[in-house]
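Student: Mapping of the sequence shown onto the working numbering: residues 2 to 139, in sequence order.
A few of these clues could be false.
[To be verified] PhoX-like mimics (lysine-lysine), calculated; alpha carbons at most 25 Å apart, straight line: (1) K99 with K51; (2) K39 with K103; (3) K52 with K39; (4) K63 with K51; (5) K63 with K88; (6) K43 with K103; (7) K51 with K82; (8) K88 with K52; (9) K120 with K99; (10) K63 with K39; (11) K88 with K99; (12) K39 with K120; (13) K63 with K43; (14) K63 with K103; (15) K43 with K82; (16) K54 with K82; (17) K82 with K101; (18) K43 with K120.
[Claimed, not checked] Label pairs and their in silico Cβ distance ranges: (19) K51 with G109: 28 to 34 Å; (20) S119 with Q58: 17 to 23 Å; (21) Y33 with E115: 18 to 24 Å.
For the record, the hints were derived by calculation from the structure and aren't laboratory data.
None of the values given here were measured: they were computed from a predicted structure.
Glycine is no exception: its CB is placed at the ideal position from the N, C-alpha and C atoms.
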Amino acid sequence: MKKFLSLFLILFSLSIYSQTKSEETLGYACGYSGSETKLVSKFDSLLFEKKYKSIKQLLFSKIPGENFLAVVLCRRLANEKIITLTKQETERITQLFKSKLKVPICGGCTYHEEIEISKLLANQENTTAAMEFFFRVQ
2 MKKFLSLFLI LFSLSIYSQT KSEETLGYAC GYSGSETKLV SKFDSLLFEK KYKSIKQLLF
62 SKIPGENFLA VVLCRRLANE KIITLTKQET ERITQLFKSK LKVPICGGCT YHEEIEISKL
122 LANQENTTAA MEFFFRVQ
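Given these sequences and hints, build the entire structure.
Tutor: What follows is the structure in structure tokens.
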């Protein structure tokens, strides 16, 4: 009985941990269904509802995936003169370009990796993928 209980607790703990991490995973087409992750859906909703202040606040989130998407979207929105970034927000973006925090990423059914925010932001392909997803023609 003790072995069963121990095994149950370990599996339950792993299940809770993986669910928590899935909230932080960045992906535009993940799993068998090829759908976006909860993180991407959250930003898609914020952008659709024009909650730009909320997007700017996510520059200061403790979740690296939120930081990455907030940087990409804030830079684009500021470039298009939809928002104005404060000095503090601009400094935070500069910090995030140097950040070693890792963003969990998924793609399809089998691709899972963790990449530093700085490397994601330095790679034009990654920022372009975000732009294409969020600013696609509806």
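Student: Would you mind marking each hint as holding or not holding in the structure?
Tutor: Outcome of the hint check:
no. : hint                      : result
1   : K99 with K51              : violated, 28 Å
2   : K39 with K103             : holds, 17 Å
3   : K52 with K39              : holds, 17 Å
4   : K63 with K51              : holds, 22 Å
5   : K63 with K88              : holds, 20 Å
6   : K43 with K103             : holds, 19 Å
7   : K51 with K82              : holds, 14 Å
8   : K88 with K52              : holds, 20 Å
9   : K120 with K99             : holds, 9 Å
10  : K63 with K39              : holds, 16 Å
11  : K88 with K99              : holds, 17 Å
12  : K39 with K120             : holds, 22 Å
13  : K63 with K43              : holds, 15 Å
14  : K63 with K103             : holds, 11 Å
15  : K43 with K82              : holds, 22 Å
16  : K54 with K82              : holds, 14 Å
17  : K82 with K101             : violated, 29 Å
18  : K43 with K120             : holds, 23 Å
19  : K51 with G109: 28 to 34 Å : holds, 31 Å
20  : S119 with Q58: 17 to 23 Å : holds, 21 Å
21  : Y33 with E115: 18 to 24 Å : holds, 22 Å
Taken one by one, the earlier hints fail for this structure at numbers 1 and 17, listed in ascending order.
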